[in-house]
Amino acid sequence: AQKVTQAQTEISVVEKEDVTLDCVYETRDTTYYLFWYKQPPSGELVFLIRRNSFDEQNEISGRYSWNFQKSTSSFNFTITASQVVDSAVYFCALSENYGGSQGNLIFGKGTKLSVKP
Amino acid sequence: DAGITQSPRHKVTETGTPVTLRCHQTENHRYMYWYRQDPGHGLRLIHYSYGVKDTDKGEVSDGYSVSRSKTEDFLLTLESATSSQTSVYFCAISEDTDTQYFGPGTRLTVL
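For the record, the sequence lines run as chains A and B. Counted from 1, the first sequence has number 56 at position 56 by the working numbering; the numbering is strictly sequential. Every number in the working numbering is 117 more than the matching position in the second sequence, counting from 1.
Quick caveat, the hints were computed from the structure, so don't treat them as lab data. The reader is advised that the hints may include incorrect statements.
[Unchecked claim] Listing some non-contacts, in silico: residues in chain B with all C-beta distances to chain A over 12 Å: (1) Pro125; (2) Lys128; (3) Thr130; (4) His141; (5) Leu160; (6) Arg161; (7) Lys170; (8) Glu176; (9) Gly180; (10) Ser184; (11) Ser186; (12) Leu192; (13) Gln217; (14) Arg224; (15) Val227.
[As the list claims (entries may be wrong)] Result set (DSS-like, lysine-lysine): computed pairs, CA atoms no more than 30 Å apart in a straight line: (16) Lys112/A with Lys128/B; (17) Lys38/A with Lys174/B; (18) Lys128/B with Lys170/B.
Heads up, the beta-carbon is just placed ideally off N, CA and C, and yes, glycines get one too.
One chain only, chain A, in its complex shape:
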């Protein structure tokens, strides 16, 4: 069965520290998408990144970077030099039935990141 595990329920860091959020997934599909979303205290869900299963290249966007490793079924997210504005709940998600008619997302339970000044 498809499943996404975010083992870290809560993480607390001090501003300017680097922090890595872990995501491990299970899927029967050979092709799939992985996502990260951010939910700040205001409650909306903000799309951060999508990665397809054929592309294992790491990606960097400013202070954010993502490490995708199919061998360990992991898609980890690192924030470099964290800031207070990074405080949020971060969700990792896996798409189901890639290329089919659904594309439904399976979400992890989220990691709450608190960045203290």
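Dock chain B against chain A, hints included.
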């Protein structure tokens, strides 16, 4: 930002009453989804639509029905609300099986 609105944004209702939540999009995307978010569960799919009048069930569909009579609107109905349906409800849209963009959410309290 994707043009997605949800109404109402907050609602308090009583057990046993019917409730309808509306999701409206201005992006002309084919797919629309309803999720609920509960502490300790992340987001779980309730129903989704892959076109006008084409809908299907998700993981937690019991007690919910949906309708899509126009591309831009996707309605979620709780026929007889129960306290277990107290939650935050999110609508999402996507073009094909692509990235899903989420609406602002509706906080529903069933007393």
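Hints broken by the structure, by number, lowest first?
5, 6, 8, 13, 14
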